[in-house]
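Colleague: Sequence:
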Amino acid sequence: MCSETKLIHHPYKFKLNPTEKQLDKIRQFAGARRWMWNDALEERKTYYEYTGKTLSKTKQMKRLT
8 MCSETKLIHH
18 PYKFKLNPTE
28 KQLDKIRQFA
38 GARRWMWNDA
48 LEERKTYYEY
58 TGKTLSKTKQ
68 MKRLT
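One rule links them: number in the working numbering = place in the sequence shown (from 1) + 7.
Quick caveat, the hints were computed from the structure, so don't treat them as lab data.
Check each hint, because a few of them may be wrong.
As the list claims (entries may be wrong) - Pairs of lysine-lysine, DSSO-like flavour, derived with a Cα cap of 27 Å:
hint: 1; residue 1: 32; residue 2: 20
hint: 2; residue 1: 52; residue 2: 66
hint: 3; residue 1: 32; residue 2: 52
hint: 4; residue 1: 32; residue 2: 13
Only a predicted model underlies this, so the values are computations on that prediction, with no experimental measurement involved.
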């Protein structure tokens, strides 16, 4: 018997058919996520400008809580 185990991954495709209300929520979530990404990116850029160092992900996550 071979000592290596091979994993076989099968792709799956799903089609979502959200209601209009669900679609609004999905769009709202995507917008909020985009805002958070851009805000975090701006914070990293500003931090680097002033310190010349990279802001760690841990420090940014602490700001959220």
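Colleague: Hint by hint, note whether the structure agrees.
Modeller: Verification of the hints:
no. : hint       : in the structure
1   : 32 with 20 : 22 Å, holds
2   : 52 with 66 : 14 Å, holds
3   : 32 with 52 : 30 Å, violated
4   : 32 with 13 : 40 Å, violated
When the structure is compared with the earlier hints, violations turn up for hints 3 and 4 and for no others.
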